Amino acid sequence: MNSDHSLWQRRYDVLVAGGGNAALCAAITAAKAGASVLVVEAAPKPWRGGNSRHTRNMRLAHDTATTVLTGPYPVEEYLDDIVRVTEGQTDEYLARLMIEHSEGLWDWYHQQGVRFQPALSGTLHLSRTNAFFLGGGKALLNALYRTAAALGVIVVYDAKVSDVEIDNGVFRSALVQSGDAYHRVAATSFVAAAGGFEANLEWLRQYWGEAADNFLVRGTPYNRGEVLRCLLDKGARAVGDPRQCHAVAIDGRAPKFDGGIVTRLDCIPFGIVVNHAAERFSDEGEDFWPKRYAIWGRLVALQPGQIAFAVIDSTTRDLFIPSVFPPEQSDTIAGLARKLDLDPARLQATVAAFNAACRPERFDPTTYDRCHTEGLTPPKSHWALPITTPPFYGYPLRPGITFTYLGVKVGPDARIIMADGTPSPNLFAAGEIMAGNLLGKGYLAGIGMTIGGVFGRIAGQEAAVHARHTRSH
Numbered sequence: 013m014n015s016d017h018s019l020w021q022r023r024y025d026v027l028v029a030g031g032g033n034a035a036l037c038a039a040i041t042a043a044k045a046g047a048s049v050l051v052v053e054a055a056p057k058p059w060r061g062g063n064s065r066h067t068r069n070m071r072l073a074h075d076t077a078t079t080v081l082t083g084p085y086p087v088e089e090y091l092d093d094i095v096r097v098t099e100g101q102t103d104e105y106l107a108r109l110m111i112e113h114s115e116g117l118w119d120w121y122h123q124q125g126v127r128f129q130p131a132l133s134g135t136l137h138l139s140r141t142n143a144f145f146l147g148g149g150k151a152l153l154n155a156l157y158r159t160a161a162a163l164g165v166i167v168v169y170d171a172k173v174s175d176v177e178i179d180n181g182v183f184r185s186a187l188v189q190s191g192d193a194y195h196r197v198a199a200t201s202f203v204a205a206a207g208g209f210e211a212n213l214e215w216l217r218q219y220w221g222e223a224a225d226n227f228l229v230r231g232t233p234y235n236r237g238e239v240l241r242c243l244l245d246k247g248a249r250a251v252g253d254p255r256q257c258h259a260v261a262i263d264g265r266a267p268k269f270d271g272g273i274v275t276r277l278d279c280i281p282f283g284i285v286v287n288h289a290a291e292r293f294s295d296e297g298e299d300f301w302p303k304r305y306a307i308w309g310r311l312v313a314l315q316p317g318q319i320a321f322a323v324i325d326s327t328t329r330d331l332f333i334p335s336v337f338p339p340e341q342s343d344t345i346a347g348l349a350r351k352l353d354l355d356p357a358r359l360q361a362t363v364a365a366f367n368a369a370c371r372p373e374r375f376d377p378t379t380y381d382r383c384h385t386e387g388l389t390p391p392k393s394h395w396a397l398p399i400t401t402p403p404f405y406g407y408p409l410r411p412g413i414t415f416t417y418l419g420v421k422v423g424p425d426a427r428i429i430m431a432d433g434t435p436s437p438n439l440f441a442a443g444e445i446m447a448g449n450l451l452g453k454g455y456l457a458g459i460g461m462t463i464g465g466v467f468g469r470i471a472g473q474e475a476a477v478h479a480r481h482t483r484s485h
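When the letters of the sequence shown are read in order and numbered with our numbering, they come out as residues 13 to 485.
If you're looking for bench data, these hints aren't it; they were derived computationally from the structure. Careful, some of the hints might be misleading.
[What the hints assert, rightly or not] Below are the DSBU-like pairs computed for lysine-lysine, each with C-alpha atoms no more than 30 Å apart in a straight line:
1. Lys268 / Lys351
2. Lys44 / Lys150
3. Lys150 / Lys246
4. Lys57 / Lys44
5. Lys150 / Lys268
6. Lys351 / Lys57
Predicted, not measured: the structure shown is a model, and the values here were computed from it.
Please construct the entire structure, taking both the sequences and the accompanying hints into account.
So, in structure tokens, the structure goes:
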């Protein structure tokens, strides 16, 4: 397909940059509205889909339980969760719009061949709020790509947008690199759905310095931010703090790129986390894990050497999804310290102080229990059990960055806002590249897929409407 020159010489109604969930939602929606659509995906076909390949679930607003969701998750509760985890750093109008539109995603994805299943065992507190994809992210993507192909959407792999031509806020064409060749592709509308810049370590260093060298990238190595950089350079208004990102604490033994969700560690609420000085530095039981797990990547990133260590004992070993790498273990805290390259005396002292401060009262991982610490800084607010039952287990932690929050400003119709405050008539954005409009900081499990699904559909619909209007005039 890449060698077919006529492919590049055509003028398309809609050009979509990216090949993940947001991009496919835009492409399918535009095609169903009668538009001719070209999707250019930077990755080879086996690695198509960006970070969507690694996803498990999507957070949806709904009024009643379903066959896979155990209870209602109303719009107001969803919005309150977003405001709380972002500490108010969200566009509440866009957030409410996204939440209200998320109610229709269940049926829409079913129509595209995507199937859901009940929450997996060990995925704490998500059975009511999040719908899990049957077969995970790969199955989701395969279904969307099949639907797109049936609608006549053309997809080119190993192709990336290296430049965009924008004239006074109007998209004219894109320069697409395919192999060693460059092609100027004309389209009436352009949808940017190519993710953030988390795999571009050079760009990350501009904001994080040498600490960025110790980050592990959970997702695709192809999200290098070329499309985002082009849009910002050509006059799109930026949104989001470039140092903010969706970053979680993952196993420090994970690969540099593409380790995916299996490298995440969910043991933190059930033990303590220490830095290389064997000292605790944050409240491990502050809130339910799906609402707070994403702060831990940043917390670890701020520690010396960007490394930390989770320590648990045998009483909580089976309360979370097993890790892909086996933990270090020992029958003594001192022995565990030596395996983790920590000072044994210091770790023993930290554990002893924590144990003495614990006030365990009816431990219950399903609710805000009253197991807490007293007289300890930092405290542990919930699920605080003494670490006393051998064997003891330890995991090294590194910041695992998923996607960055620096992006392009959009309006409710997914149109990109230019630097002068005016919306572009034919530039649209969806997914991670515009997630900073909703996520100024923090994260809620499954919300990235919701942002992609909702704004992908809006972008695809509006891009097709613009193309149809342009043709008729």
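Each hint, compared with the structure:
1. Simply put, lysine 268 and lysine 351 have alpha-carbon atoms about 22 Å apart, close enough for the 30 Å limit, and the pair holds.
2. Proximity of lysine 44 to lysine 150 is assessed by CA-CA distance (about 23 Å); at most 30 Å being required, the pair is judged to hold.
3. A threshold of 30 Å between alpha carbons decides the hint, and for lysine 150 with lysine 246 the separation of about 34 Å lies outside it, so the pair is violated.
4. With a CA separation close to 23 Å, the supplied pair lysine 57 and lysine 44 stays within the 30 Å bound.
5. Between lysine 150 and lysine 268 the alpha-carbon distance is near 21 Å, which keeps this suggested pair within the 30 Å criterion.
6. Under the criterion of a C-alpha separation no larger than 30 Å, the hint pairing lysine 351 with lysine 57 is inconsistent with the structure, at around 41 Å.
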